[in-house]
Every structure is written in structure tokens, then in C-alpha cells.
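K.L.:
Please model the complete structure; the sequences and the hints are all you need to start from.
Each protein sequence line maps, in turn, to chains B and H.
First residue of the first sequence? That's 1 in this note's numbering, and the numbers climb one at a time after it.
First residue of the second sequence? That's 1 in this note's numbering, and the numbers climb one at a time after it.
Among the hints, erroneous ones may be present.
Copies of the same chain look alike in the list, so a pair counts if it works inside one copy or between any two.
Okay, derived cross-link-like pairs now, EDC-like style, lysine to aspartate or glutamate, Cα gap no bigger than 20 Å in a straight line [unchecked claim]:
#1 K269 / E104
#2 K42 / E265
#3 K42 / E252
#4 K174 / D312
It should be emphasised that the hints constitute simulated quantities derived from the structure, not laboratory data.
Protein chains: 2
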Amino acid sequence: MKETAVVGVGNTKIGEWYDSSLRELTDEAISKAVQSANIDPKEIGATFVGSMSSGIFNQQEHLAALIGPHSGINAPAIRVENACASGGSALRVAMMAINAGFYETALVVGVEKMTDLIDIGDVTTALGTASDGEWELGIGATFPALYALIMRAHMHQYGSTLEEFASVSVKNHKNGSLNPDAQFRKVVTMETVMNSRMIAEPVRLFDCSPVSDGAAAVILTAKDVAKKYTDDPIYIKGSGAGTDHIALHQRESLTSLQATKRAAETAFKMAKITPKDIDFIEVHDCFTVAEVITLEDLGFCKVGKGGKFSLDGETALNSTISVNPSGGLKSKGHPVGATGIYQVIEMFHQLRNEAGKRQVSKNDIGVTQNIGGSGASCVINVFSRGA
Amino acid sequence: MKETAVVGVGNTKIGEWYDSSLRELTDEAISKAVQSANIDPKEIGATFVGSMSSGIFNQQEHLAALIGPHSGINAPAIRVENACASGGSALRVAMMAINAGFYETALVVGVEKMTDLIDIGDVTTALGTASDGEWELGIGATFPALYALIMRAHMHQYGSTLEEFASVSVKNHKNGSLNPDAQFRKVVTMETVMNSRMIAEPVRLFDCSPVSDGAAAVILTAKDVAKKYTDDPIYIKGSGAGTDHIALHQRESLTSLQATKRAAETAFKMAKITPKDIDFIEVHDCFTVAEVITLEDLGFCKVGKGGKFSLDGETALNSTISVNPSGGLKSKGHPVGATGIYQVIEMFHQLRNEAGKRQVSKNDIGVTQNIGGSGASCVINVFSRGA
Chain B
1 MKETAVVGVG NTKIGEWYDS SLRELTDEAI SKAVQSANID PKEIGATFVG SMSSGIFNQQ
61 EHLAALIGPH SGINAPAIRV ENACASGGSA LRVAMMAINA GFYETALVVG VEKMTDLIDI
121 GDVTTALGTA SDGEWELGIG ATFPALYALI MRAHMHQYGS TLEEFASVSV KNHKNGSLNP
181 DAQFRKVVTM ETVMNSRMIA EPVRLFDCSP VSDGAAAVIL TAKDVAKKYT DDPIYIKGSG
241 AGTDHIALHQ RESLTSLQAT KRAAETAFKM AKITPKDIDF IEVHDCFTVA EVITLEDLGF
301 CKVGKGGKFS LDGETALNST ISVNPSGGLK SKGHPVGATG IYQVIEMFHQ LRNEAGKRQV
361 SKNDIGVTQN IGGSGASCVI NVFSRGA
Chain H
1 MKETAVVGVG NTKIGEWYDS SLRELTDEAI SKAVQSANID PKEIGATFVG SMSSGIFNQQ
61 EHLAALIGPH SGINAPAIRV ENACASGGSA LRVAMMAINA GFYETALVVG VEKMTDLIDI
121 GDVTTALGTA SDGEWELGIG ATFPALYALI MRAHMHQYGS TLEEFASVSV KNHKNGSLNP
181 DAQFRKVVTM ETVMNSRMIA EPVRLFDCSP VSDGAAAVIL TAKDVAKKYT DDPIYIKGSG
241 AGTDHIALHQ RESLTSLQAT KRAAETAFKM AKITPKDIDF IEVHDCFTVA EVITLEDLGF
301 CKVGKGGKFS LDGETALNST ISVNPSGGLK SKGHPVGATG IYQVIEMFHQ LRNEAGKRQV
361 SKNDIGVTQN IGGSGASCVI NVFSRGA
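P.N.:
The structure is reproduced here in C-alpha cells:
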């Protein structure tokens, strides 16, 4: 893989945007990204859009053709869907397109507008379509239920505690309180998390990422033209993807994700790094246990010790490794198909020292981990400033 | 673009498969394709799945991860959606991936199972999500209505006749009667077509492609490894994609598709061909007027004369140019996201002289044209036997 570069980014704040349409959100993100890269829209060769379920959430498929031309980008457009890993997957397809020489420059958009469905039960069902419909959603296993199984298995297998999981939520809310684009900007206490409403035992409300609206866009270019658009591009040094069975009962393990491990192996090898080289990482904390398992799968701590690692403060901003400096899905919000692109935007700002109060002090290597569903899909990318 | 090769194909017959699940359909197509290419599934580097709306049709997103591992392909999987051009777009992404050197071999699957929705009105609405939801479907403009506007405009602008449009249907049904995998295998008369039930004036039932279930799969490889799998690969010599506004009122013209023209320009230039070099073509005849317009946009006849060209028999099997030898969407059937892959499979069989009674006699260059919605997306690929 040749390296590619991110030369401009734009996004909406994440929230509940009842008064904005799907394309108003993407218009905002795209126009900001185009402005950020100072690029003539005519130079954009292709548009790739990541969205999980605009069909169910907004009764709108054919999303890439809807979004691109409406923002004045008349390039060939393709939508990519991989559940909550749709954003990361769209970026990966854009990397393929540029590496293939099909295009020199691509617009990559992630978007989800989840609040159009009036009944929150419908939102849960819509999200549930990322599970195995016949074996999971169809028999009532929504995502809180699936992650409850995973969390319970982790507690059973390793003796991890509710306090440990809660510490993930507290840390991410603390980071998110420093992020002006985050959906939730309040710090929370351990007590708040641990006494919050039970959703699917042992998963409580504050173990869950929220229902969110948001759009995020980046301009990706071939390495050798990046400096045309900005003096300070960030580069993708490695990329990996992994896929596993969706249904939990078909997986090798409940408490470790093969998809993450495979994606990491490819990405880290390509970037010639080990976990020790990573300064900060945006991980897919759709539920607190997902962050715990990721810490273990990526080798930041021993297997079974992800919760303790978190409770001990090793993942706090500017500690051993800064995990989710943006606030993560928990606090920044989780417009599902957009999340993978928001993660890239955090890379962009952190690596360029533009992250304000949440700026990490050590920022040579940043990594994103974007998961689909309960972990059947995973995309991992490695970023740095130096070409 | 480096050339890629199709080395194996597999598909279900197209029909109304009430008793098969989504993944049973893809299992059949994938296992046939793997067998056809005589490939060890472990050698498949990635899976790309084209599907328009498995979310609405089957309450199943995250489709690529569902399908791949279930068929024993544990490679990274990505779904691509571009309405009815999802299949062609998935193939294009696979070409990017192989050209980029990410993988040497990819499985590309197209699938749609449209009969799970019990109410046919729901199917029409589901398909309508490929239009501009706010400006078209939301105010009642379903696809028959949109194509009725296009057909009426063509008649008004060029004086084309109902008989001319009907001739497309008659010809495609005749071809389809020779295709054992087609959904409809009966020849029909001009009278049948022209007296069929009115759907949206002037579009009658026999101007419309049907509601279909089907799955199709191809194995795509880098050119230099193709012969490892078959003595007789077919090669993709050129590929192009185009995107335009979805909403008809935002287009330059109602009776010509910019997306087709842009895709063709890129693909034909890459393959170093002109329309005269094309021996046979699979075009996207979702409605009869769509085939007429395509004949004009691709330069097979004069603008406004596509209908006459068809009525005169110039597009019949082994005439001036064989258009839709498979029977096209009209007769072969139109499982929307799978159609682009079924078109490739027709290329495979025709170029290898395996098309039985519908075999075209001149088969050096074949082309596919896969459209999304009312024409906002288009993918065109050029195929030949010679490397």
C-alpha cells in the first residue's frame, strides 16, 4: 500500500438534530472539509459515503448520489456499508481507489441521522439489523443484550468488575467534556454510571453510547499531491480490516474479537509499529466492555486486565496511552455510520496540535479502531504527521 | 487501471424464492462460483457485496459480514450500495482493491431478496428509496411514475411511439425464453405488451422489470494470476462510473443520462474502443424507455431514434448489436442489487461460448451498463476474452 494523506476535514457537532435533514448535515460537513483543504471541488475525483442504515433511519438508499451532487461534487459516488464500521470501511475503499490510481483525490463522508425514527424502539430495532437477523435480532437479542452477554462473559472469565467497566465511561465523559463537538459535555462520577438505569443486565445506561445525528467528511489524497492542499497533511501509514461471523454463537470467543486482531495485525505490520509505539487511539466504545476488550486485543495490557488497566487510569488523557481523547462514542456520540470518519478527524486535529483542551502531549502515532455490530467487522488505521 | 479477470461465476436462477433465506441464496451463488473457479476459499483475499436494500427488504444490514463467513470465506468483507447499480459498483470497488495491490483475488457478490415484504406496495416504497426521498418518493413519485415522466418526455421530444418501446419488451422476452436462469421464459407479442395493465401512463406492466429474488457471485483476480484458475478467463478492459443528481428536476435532461455518458467515456477510452467495436451489451432495462435512452446515450443510434432502432430489429440477437442477450432485467428478472453481477456472468458465458441457445455469434467485445435509480448512478465495464 502506498501512503495516502488527509488534507482537510469537516464535521457537524454531534447531537439530536431534529431540524436538519440528512443532506443538510452532509452539506455542512462537506463544505467545511472542502474549505479546510482549500480544494476546488472539481479536483475531487470520487466520493465515498459510509452510512449504516439510511434506508431504515431515513427511507433513503442511493445515498452517495444524493449527497455528492447536492454539495456540488459531481464525481462518481459510491456508498459503503459495514454497520457501525461503515465510516472506516468507506475510508478504506477510498484508500484502495487512490492506491489503484483510479483517482488522485477523494471525498470520504460518514453520516447517520438516527433521530428521524420517532419511536426509540424502532431505533434499537434498526441498529439490531447489524446483528444476525435470523439468529439474534429475530429472537429479541438487541445490541444492549448482545453486549450484556459479552460483558457477563468477561466478568465470569476474568473476574472483571462493574467498577472497572464504569471507569471507561467516566474517563470518556471527562475527555468529551473538553470536546466542543461532543454530544455530551458533562463529566460524570462513578456513582452516576454505576447507579444509572439498568438496560440489559449488567449493561447500564452509562455503559451505552447514545443515539446521535452527525456527518463528518475528510479529503483524502495520494501522498505526493498532499502538500498542494495543506502544509500539514496527516498520513495513513497502515490499514487493516478483519471480518468474523456476526452471530456470537459462531465466534471462537465472546471476550476477544478476531476481526480486531486480524485488522491490527495487518495495519501494524504495514505501518511497522508495535502497540508500544502508539501515543493515542480512538477505539470503538459503543459499550464500555467494547473498549475493555479492545485494550486487550490490541495488546495494551494483559488479556482479562483491560478493565483494571482502565480503572488504574492508564488510558486517561496523557497517561500510559490516551484512549478516546475525543470522548469516544460514549460521550462524543455515535452517529453509527459516521463514527469511523469522526475518528479520523480526531487524528487530524490531534496530530496537528489543534485539539484544544483535550490535546494529547505525545502525538507522533495515532490509531483508529472502528467496529461493526458486535465485532464481526473491524477497520484499523495508523496515522502520523511525517510522510 | 491494470486489467482484472473473472475466473469463475455462480448464481441462483432468478425468481420468487419464498422458501430460501437471503444467505441461502448467496451460499448457492458463492459455492458455485468457488467451484467454477476451482479456487481454495483461503485464497480469496476479500469479499465485496452489492445489495441495494437488505435493510428494508430483509431487516438485515451488515450484509457482507453475514454472507462471507457463512459461506466459509473468512476474508475482510465490505458491502457496497448504489441502488440498482450496487452490483456494478461492488465489482468496481473489487477492481480498485486488486489494482491497489491490497488483494490478488476477490469474491464479488450481488444479492437482493425482494419477496420477503408481503405487501407489494411496500416493495414499491422500498425501491422508491433509490429516488430523492424528499423531492420524489415523499410526494408520491415511485419509480414507475418517474420513468413514466421520462418516457412521456421522450415521446414528446422525439415523437417516439408506444410500439417502439413495446418492441424492447418483446425482444428481451424472446432472449429470456432462451435463458434457463431467467425469471420469465415465455415469448410475448406486441399485442400482449401494448394491452397489458396500465401502471403509470404511459408505462404498462410489460414496460416494467419484475420484483425478483436472486444472488450472483464472481471471482475476480489480478490479470497475472488468472490462468491459475481457468484456461479461459475473461478480462475487464475498461471501467467507468458516473454520478448525477438523483432528482429528475435537477438534471440537465430527462431523456439522456449524464451518468451513462460519463461512465461510457471513461470505460471506452480505457478499453480503447468505440461503440462500433461492441458486439453485445447487457444494458439496464428496468423500464423499456431506459433501454431506448441507453442505445442513444452510448451512440448505437441517433439521439431520439432508440425506439425505432429497437423496433427495426437492430438490437435483436445477432443483428446489428445484440442488446440484452440474457433477456435483460425485463425477462431475466431484476433482483436489484444483484443485477450488475448477473450482467457480468452473462459476459462470462457469452465470451466463453457457453451461452447455449442465446449464444451471440460475434463475441469479441461485450459491455455491461448498470444503472442506479432513475439514472443518477451508472457503472460501465468492457469485457473481452483476450488479455
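K.L.:
Each hint should be assessed against the structure and marked as holding or not.
P.N.:
Checked hints:
no.	hint	in the structure
1	K269 / E104	between (25 Å within a copy, 18 Å between copies)
2	K42 / E265	between (37 Å within a copy, 17 Å between copies)
3	K42 / E252	between (48 Å within a copy, 18 Å between copies)
4	K174 / D312	within (15 Å within a copy, 73 Å between copies)
Taken one by one, the earlier hints all hold for this structure without exception.
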